[in-house]
Amino acid sequence: MEHEIIKLEGVWKIFGDRADEAMAAIQTDNLGKPEVLEKFGCVVGIADCTFTVPRGEIFCVMGLSGSGKSTMVRHLNRLIEPTSGSISVLGKDMLALGSEELREMRAMHIGMVFQHMALLPHRTVRDNVGFPLQVRGEPKSKRWEVSQHCLNLVNLDGYEDRFPRELSGGMQQRVGLARALASDPEVLLMDEPFSALDPLIRRQLQDQFMALSADLQKTTVFITHDLDEAIRIGGRIAIMKDGRIVQIGTPEDIVTNPADEYVKDFVEGISKLKLVFAHSIMVKLSDHKPQRGENLAKAPRAHHGTDLDHLIDIATTTEQPIVIQDDEDKDIGIITKSTLLKGIQGGKA
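Residues in the sequence shown are numbered from 0 upward in steps of one, following numbering that gives the first Met the number 0.
Please note that a few of the clues may not be correct.
[Said to hold, decoys possible] Only pairs whose alpha carbons sit at most 25 Å apart, straight line, appear in this in silico SDA-like list of lysine to any residue: (1) K263 <-> S337; (2) K240 <-> S69; (3) K38 <-> M22; (4) K336 <-> H287; (5) K341 <-> R291; (6) K38 <-> K6; (7) K32 <-> G15; (8) K91 <-> R231; (9) K341 <-> Q290; (10) K6 <-> D241; (11) K240 <-> Q216; (12) K6 <-> Q26; (13) K288 <-> V266; (14) K273 <-> D183; (15) K6 <-> G90; (16) K336 <-> L272; (17) K341 <-> D241; (18) K273 <-> L340; (19) K288 <-> G268; (20) K6 <-> P257; (21) K273 <-> D330; (22) K283 <-> D264; (23) K288 <-> R231; (24) K288 <-> D326; (25) K329 <-> K263; (26) K283 <-> Q203; (27) K32 <-> E260; (28) K263 <-> D308; (29) K336 <-> H302; (30) K32 <-> G65; (31) K329 <-> H287; (32) K263 <-> L295; (33) K271 <-> K297; (34) K141 <-> F130.
[As the list claims (entries may be wrong)] Derived Cβ-Cβ restraints for the label pairs, each shown as a range: (35) P138 <-> I269: 44 to 54 Å; (36) G304 <-> D197: 32 to 42 Å; (37) P299 <-> H115: 45 to 55 Å; (38) D308 <-> E20: 46 to 56 Å; (39) K141 <-> Q207: 20 to 30 Å; (40) T49 <-> A213: 24 to 34 Å.
If you're looking for bench data, these hints aren't it; they were derived computationally from the structure.
A quick note: this is a predicted structure, and the numbers were derived from the prediction, not measured.
Note that beta-carbon positions come from the ideal geometry of N, C-alpha and C, so glycine has one too.
Whenever a hint applies, use it, and build me the whole structure from the sequences.
What follows is the structure in C-alpha cells.
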C-alpha cells in the first residue's frame with residue numbers, strides 16, 4: 000500500500016505462563032481459543048492480526064468487549080509485547096527497537112489518547128498539555144507556546160489556567176487530545192476516547208477530531224465499540240471477534256457485504272442511505288435491458304459517488320431510470336427504481 004505508515008503481519012498475543020507452548024501448539028495443531036485455555040491455561044488476546052494503514056487514514060477497529068481491539072492497539076507502541084508476528088510503524092521495526100529508541104518513538108512520533116485521560120490533577124490545563132514536552136526537556140517558553148497552539152486547535156483557549164476538576168468530561172477529553180497533539184506525532188492511537196461522553200458531546204468531538212485529522216494529516220488507529228462512530232469517522236473499519244479480525248473494509252463494504260453472520264448482526268440496524276453509493280448498485284450500461292417507455296436521452300444523470308439518499312430524491316422526480324456517470328461525465332450505468340429498492344435492502348442489483 001502506498002505511503003504505508005503502520006503495518007502488522009501475523010501478530011499474536013497469548014497471555015499466560017505457557018504462552019510459548021500454546022503458540023507452538025496453535026501453529027502445529029490449529030487450536031482454537033477455548034482449547035488453548037483448556038490445555039495451557041492461556042488466553043488468546045489477539046490472533047493472527049494483519050493490516051496496513053496508509054498516511055492520513057483514520058482506521059477504525061471495532062468489536063464487542065473482549066474482542067481484542069484494545070489489546071491490539073497497545074501493540075503498536077509496544078505497551079504490550081507480542082507473542083509472535085511483526086509490527087512496523089513509520090518504517091521502523093518496532094520489535095527491534097531498544098528501550099531508548101522505543102521511548103523516543105513514543106515521545107516524538109506516536110501519540111495516544113485513552114478513554115480515561117489520567118490528567119494530572121495538580122497541574123493546570125496548560126501544564127497538562129505541555130507535559131510531554133517537559134519530559135523531552137523543552138524549555139517552559141516552548142512548552143507554553145505549543146500548549147497554547149494545541150488548546151486553540153481544540154477550542155479550549157481561555158481555560159489554560161484551570162485545573163482538570165474545573166472542566167466537564169468533554170473538555171477534559173479535549174485536553175487529552177491537545178496533549179497527544181503537543182508532541183506533533185505522525186501517528187495517533189485512540190482507545191475509545193469518546194465512549195464515556197454524552198451523545199451530543201461525543202458527536203461534537205467526533206466532528207472536531209475529523210476536522211483536525213484532515214487538516215493535520217495524522218495517521219490514526221481509532222478503537223471503538225460503537226459501529227455508528229466507526230462508520231462516521233473511519234476511512235476503513237476492521238471488525239474483531241475473539242481476538243481475530245473478521246473483516247476489513249470501507250463503511251460501504253461492511254454494510255453491503257458483511258463477511259459473516261457476526262458482522263451482519265452488527266450492521267443490521269444501520270441506515271444505508273448515506274453509506275451506499277451509485278457505483279455499488281448500478282447495472283452497467285452494456286448489461287442494461289431497456290424497458291418500454293424508457294428514454295435515456297431524457298433520463299436524469301448522477302455521479303457514480305452519489306449516495307442512496309440523493310438517488311431517492313432524484314427517483315421521485317422522474318419515471319425514467321437514473322443514468323450514472325463517471326468522473327468525466329461519461330454514461331457508465333443505470334439505476335432503476337427496482338435497483339434502488341434492492342440497494343436500500345442491502346442487496347446488489
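Hints versus structure:
1. K263 <-> S337: holds, 23 Å
2. K240 <-> S69: holds, 12 Å
3. K38 <-> M22: holds, 12 Å
4. K336 <-> H287: holds, 13 Å
5. K341 <-> R291: holds, 21 Å
6. K38 <-> K6: violated, 32 Å
7. K32 <-> G15: Judged against 25 Å, a Cα distance of about 13 Å means the pair holds.
8. K91 <-> R231: The given pair, whose Cα atoms are some 31 Å apart, is violated under the 25 Å limit.
9. K341 <-> Q290: holds, 18 Å
10. K6 <-> D241: holds, 21 Å
11. K240 <-> Q216: violated, 30 Å
12. K6 <-> Q26: holds, 22 Å
13. K288 <-> V266: Since the Cα atoms of K288 and V266 sit roughly 32 Å apart, the hinted pair is violated (cutoff 25 Å).
14. K273 <-> D183: violated, 33 Å
15. K6 <-> G90: Holds: K6 and G90 sit about 9 Å apart, inside 25 Å.
16. K336 <-> L272: The hint holds at about 15 Å.
17. K341 <-> D241: violated, 33 Å
18. K273 <-> L340: holds, 15 Å
19. K288 <-> G268: violated, 33 Å
20. K6 <-> P257: Given that 25 Å is the threshold and the Cα spacing comes to 24 Å, the pair holds.
21. K273 <-> D330: Distance ~23 Å between K273 and D330 Cα, so the pair holds.
22. K283 <-> D264: Not OK: K283 and D264 at ~30 Å, beyond 25 Å, violated.
23. K288 <-> R231: violated, 36 Å
24. K288 <-> D326: holds, 24 Å
25. K329 <-> K263: Roughly 35 Å separates the two Cα atoms, so the pair is violated.
26. K283 <-> Q203: The given pair, whose Cα atoms are some 40 Å apart, is violated under the 25 Å limit.
27. K32 <-> E260: holds, 19 Å
28. K263 <-> D308: holds, 22 Å
29. K336 <-> H302: Holds, at about 17 Å.
30. K32 <-> G65: holds, 12 Å
31. K329 <-> H287: Distance of about 16 Å is within 25 Å: holds.
32. K263 <-> L295: violated, 36 Å
33. K271 <-> K297: violated, 28 Å
34. K141 <-> F130: The hint holds at about 11 Å.
35. P138 <-> I269: 44 to 54 Å: holds, 50 Å
36. G304 <-> D197: 32 to 42 Å: holds, 33 Å
37. P299 <-> H115: 45 to 55 Å: Hint holds: Cβ distance 51 Å, inside 45 to 55 Å.
38. D308 <-> E20: 46 to 56 Å: holds, 54 Å
39. K141 <-> Q207: 20 to 30 Å: Holds, since K141 and Q207 (Cβ atoms, about 25 Å apart) stay within the stated range.
40. T49 <-> A213: 24 to 34 Å: Distance hint for T49, A213 holds at roughly 27 Å.
The structure shown violates the earlier hints numbered 6, 8, 11, 13, 14, 17, 19, 22, 23, 25, 26, 32, 33.
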